[in-house]
Amino acid sequence: MSKYVERFNVVERVLHWFMVVAFFLLVFTGLGLFAHTFYGYFNFFGGPHQAMLIHKWAGLMFFTSSLLLAFSHLKDLFTFDADDVLWIKKCGGYLSKGHEDIPQGKFNCGQKLFGIFSLAATFIMGITGFILWFAEGFARGAVQASLLLHSLFFVLFVLAAIVHIYLTTLGNPGTISSMLYGNVTKGWAKMHAIKWYRKVEKG
Amino acid sequence: MARKAFLIDMSRCIACRACQVGCKQWNKLDPEATVNRGCYENPPQLTPQLYNQMQFIEQDNGDQLRWLYLNKRCMHCADAGCIKVCPSAGALYHTPEGLVGFNQDKCIECNYCVNGCPFDVPRYDARKKVTKCHACIDRIANGMLPACVKACPTQTLRFGDRDSLIAEAKAAGKKVYGENDLKGLGAVYILEDSPETYKLPAKPAIPASIFLWKDVVKPFGILGFWGAVGAALLHYVTFGPKKLENGEDHDTPEKGA
Ligand code: SF4
Ligand code: SF4
Ligand code: SF4
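One line per chain: the protein sequences are D and H, in this order. Mapping the first sequence onto numbering that gives the first Met the number 0, position 179 (from 1) lands on 178, and the numbers just tick up by one. Mapping the second sequence onto numbering that gives the first Met the number 0, position 62 (from 1) lands on 61, and the numbers just tick up by one.
No wet-lab data here; the hints were simulated from the structure. Cβ coordinates follow ideal geometry from the N, Cα and C atoms, glycine included. Among these hints, one or two may not hold up.
With a cut-off of at most 25 Å between alpha-carbon atoms, the simulated DSS-like pairs for lysine-lysine come out as follows [as the list claims (entries may be wrong)]:
id: 1; chain 1: D; residue 1: K55; chain 2: H; residue 2: K217
id: 2; chain 1: D; residue 1: K96; chain 2: D; residue 2: K185
id: 3; chain 1: D; residue 1: K198; chain 2: H; residue 2: K242
In silico negatives: residues of chain D with every beta carbon more than 10 Å from chain H [as the list claims (entries may be wrong)]:
id: 4; residue: F23
id: 5; residue: L76
id: 6; residue: V154
id: 7; residue: L169
id: 8; residue: W195
Make a model of the complete structure from these sequences and hints.
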């Protein structure tokens with residue numbers, strides 16, 4: 000009997016890594032527009048014009064893969080129950096050493112909130128990005144609001160990504176293999192997503 | 000260097016539009032086809048080929064028509080929204096005299112300044128580069144007056160030392176628009192009615208969204224970035240990672256100590 004269970008299929012993994020590549024391209028090409036401090040980052044992309052072009056296409060790539068990934072998890076993302084309340088109360092068990100017993104489904108409450116945030120932020124960045132891309136065709140009020148929202152959600156997205164990266168690598172050993180190979184160990188599944196594991200075991 | 004400024008006394012204006020023509024001639028700006036809108040105002044707004052524009056405000060008071068004129072142009076703000084929002088340092092800049100020039104070679108065609116200006120002044124030209132009144136920096140540097148000022152036959156437009164122009168207007172009992180707004184405009188006006196009548200903001204300010212972005216979101220972002228990285232590291236060394244209880248079950252060889 001294998002000691003692994005499948006967590007993400009190949010389509011989900013490819014979409015996720017598409018998002019990752021697009022995300023970092025977007026961050027580093029966008030920083031030069033965000034503040035003077037980072038204007039020099041444009042040089043890594045062969046100057047501002049090329050960087051802005053990359054930014055736009057990476058934006059399309061991120062928008063598409065993010066939506067596809069979110070839609071493939073829509074049901075899991077938006078289903079909450081009493082255990083999620085418990086998760087919030089105990090801060091996911093992250094403010095204590097060792098393991099706390101908080102039964103969770105395929106995604107724990109924090110992952111669901113992150114997923115929903117990511118979906119909402121994708122829409123906001125996509126729509127405001129489109130307005131800024133074709134700013135000449137929009138009213139000043141719409142462009143001004145877009146400039147603010149695009150910069151605000153850029154910051155929020157980066158902060159959320161830092162937490163996401165920490166918790167899926169250093170913070171929870173064994174998690175990253177689900178995105179690399181598609182599998183997690185049964186021990187991982189029992190510890191982190193027991194309700195999901197039981198469902199998978201039943202088949 | 001002492002600040003230089005335009006003093007624009009609309010009470011003297013006869014709307015001859017010599018300023019519009021003088022500017023176009025000096026800056027070699029193309030003529031534009033317009034349509035008759037039943038009004039002398041033409042073109043109806045600033046364009047990439049029109050750095051200053053005569054606005055006609057018509058008030059119909061029964062049997063009398065009241066005409067107000069406004070010479071619309073870049074205000075050369077000391078606290079300039081266009082410079083604040085422009086990512087490319089030097090594309091828009093303050094001259095030592097406090098005037099706001101632009102350098103199309105540095106413009107990266109982002110369109111931000113068009114929406115960051117409180118007075119809706121900058122325009123995109125056909126090459127998608129910023130254009131606006133540049134206060135004839137080239138002429139001033141050679142001891143000449145700006146072309147529009149030179150062309151004005153009524154001294155509606157004047158240019159010179161900012162403090163003395165304002166002092167002179169005040170001594171004559173005039174109210175000056177823009178003396179202290181945005182840390183002082185480089186084009187101050189004597190108006191014949193309230194600013195709103197001239198479709199000018201009574202209290203001009205950098206758009207709230209631009210202020211929030213540059214003065215709130217940006218510092219919050221830089222603080223938040225290091226805060227989040229710091230919090231993750233702190234968590235790692237205090238509460239530590241959630242290691243699997245059964246060590247053998249582990250498939251990441253480089254798991255924490
Ligand atoms: S009026 Fe507009 S374009 Fe002119 S300096 Fe002020 S913000 Fe810049
Ligand atoms: S369009 Fe040009 S001048 Fe205007 S903000 Fe962008 S880079 Fe600066
Ligand atoms: S100062 Fe020069 S650029 Fe500005 S409106 Fe007058 S003539 Fe045109």
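Q | Beyond 10 Å from every chain H Cβ - status for L169/D | A | Per Cβ check, L169/D is inside 10 Å of chain H; nearest 6 Å; violated.
Q | Exclusion check [F23/D not at the chain H interface, CB over 10 Å] | A | Holds, since 14 Å exceeds 10 Å.
**Q.** Pairwise hint evaluation, K185/D against K96/D, where the allowed Cα distance is 25 Å at most
**A.** holds, 22 Å
Q: Verify that the Cβ of W195/D lies farther than 10 Å from every Cβ atom of chain H, and report whether the claim holds or is violated.
A: Since the minimum Cβ distance to chain H is about 16 Å, W195/D lies beyond 10 Å and the statement holds.
**Q.** Given hint K217/H paired with K55/D - CA-CA distance at most 25 Å
**A.** Answer holds: K55/D to K217/H is near 21 Å, not above 25 Å.
Q: Compute the least Cβ-Cβ separation between L76/D and chain H, then decide whether it is above 10 Å.
A: About 22 Å separates L76/D from the closest Cβ of chain H, which puts it past 10 Å; holds.
Q) Are all beta-carbon distances from V154/D to chain H longer than 10 Å? A) violated, 4 Å
Q: Would you check the hint for K198/D and K242/H, treating anything up to 25 Å between C-alpha atoms as holding?
A: Roughly 23 Å between the alpha carbons, so the hint for K198/D and K242/H holds.
Of the numbered hints listed earlier, those contradicted by the structure are 6, 7.
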